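**Q** Keeping the supplied structure of chain W fixed, place chain C upon it in accordance with the hints.
Just so you know, the protein sequences line up as chains W and C, in that order. Straight run, no breaks: the first sequence in the numbering used here ends on number 112. Straight run, no breaks: the second sequence in the numbering used here ends on number 269.
Quick caveat, the hints were computed from the structure, so don't treat them as lab data. Predicted, not measured: the structure shown is a model, and the values here were computed from it. Mixed in with the good hints there might be a few duds.
Going by beta-carbon spacing under 8 Å, a handful of chain W positions derived as facing chain C [as the list claims (entries may be wrong)]:
hint : residue
1    : SER39
2    : PRO42
3    : ARG66
4    : GLY103
5    : GLY105
Cβ coordinates follow ideal geometry from the N, Cα and C atoms, glycine included.
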Amino acid sequence: DAKTTQPTSMDCAEGRAANLPCNHSTISGNEYVYWYRQIHSQGPQYIIHGLKNNETNEMASLIITEDRKSSTLILPHATLRDTAVYYCIVRVARRGSTLGRLYFGRGTQLTVWP
Amino acid sequence: GAVVSQHPSWVICKSGTSVKIECRSLDFQATTMFWYRQFPKQSLMLMATSNEGSKATYEQGVEKDKFLINHASLTLSTLTVTSAHPEDSSFYICSARGPGFGSGRDSYNEQFFGPGTRLTVL
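Here chain C stands alone, though its shape is the one from the complex:
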């Protein structure tokens, strides 16, 4: 499958600071990227969907001014957690979807996940 990377893999920051997380599709062009958040012992929660060159679509209950998403190119999306607080500490995972792979039953866009970024806000 295609490879998605995230940077950094973990970050510790002080309360009130902003943190930027990068998500890159390494060997394909990602027309759509997704950002998820996962708290300990819970499932992944979809935060937002971003399409290259347009504004992100946020899921209900996710503050768009706090979680800034930029998808400026077909291989890079960034999530910025602004004015982070301890309750924002979580595992952030991105996912990327390309323009299409394979043929036949597989001739549609598949979705691949990054390794995740562990954010700890002190």
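So that you can see chain W by itself, here it is in the shape it has in the complex:
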């Protein structure tokens, strides 16, 4: 039941910023945008999430458009270890309550090259 659209693959040079887009035009007002990544043959790793404001943490920045219909995950200085499949997921989340299930789409295969 993935409600997001992402490019199948992207390339990025090591040390450059990687900008991964995601469309979620049917997002609801109570749904957050989450980003996970999966390095080959490992479990997914949480990156960042947001509702409507831009967010930044030690791993990445998340830019959400004002209409919330799309977002961009930014890895400011990509390294070879950032090569992975990146999943953009929308899920229901209410403060202090349980969260909606995570349904994964196909994601974007990001390849960082030397």
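**A** Showing chain C alone in chain W's frame:
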């Protein structure tokens, strides 16, 4: 983040046998655990959701009698693939959600994933 472990990391079994996969939350109590399956070059597919002490909720199309889930404690959930066949060969990943972490915008339950179990049925 919190740590989730799985055991075994890989298993090979004969067709017709049953295989049990364990998922443990190591440093938090997981009120809810999720089981996913991932075939090669495909995305993760949610199989079921289990809450401690109650029956699992299976996603549409997942056979509950074939994929037995037990969530007997707040730190352990098991997935048993009964009468496994080659088409059950896959990467099985569990995820655990705790009662709540942090405060402010983070004051809700977050979800953490295990490293996965590679099942090969001969």
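**Q** Now, for every hint given, state plainly whether the structure supports it.
**A** Against the structure, the hints:
no.: 1; hint: SER39; result: 7 Å, holds
no.: 2; hint: PRO42; result: 5 Å, holds
no.: 3; hint: ARG66; result: 16 Å, violated
no.: 4; hint: GLY103; result: 6 Å, holds
no.: 5; hint: GLY105; result: 6 Å, holds
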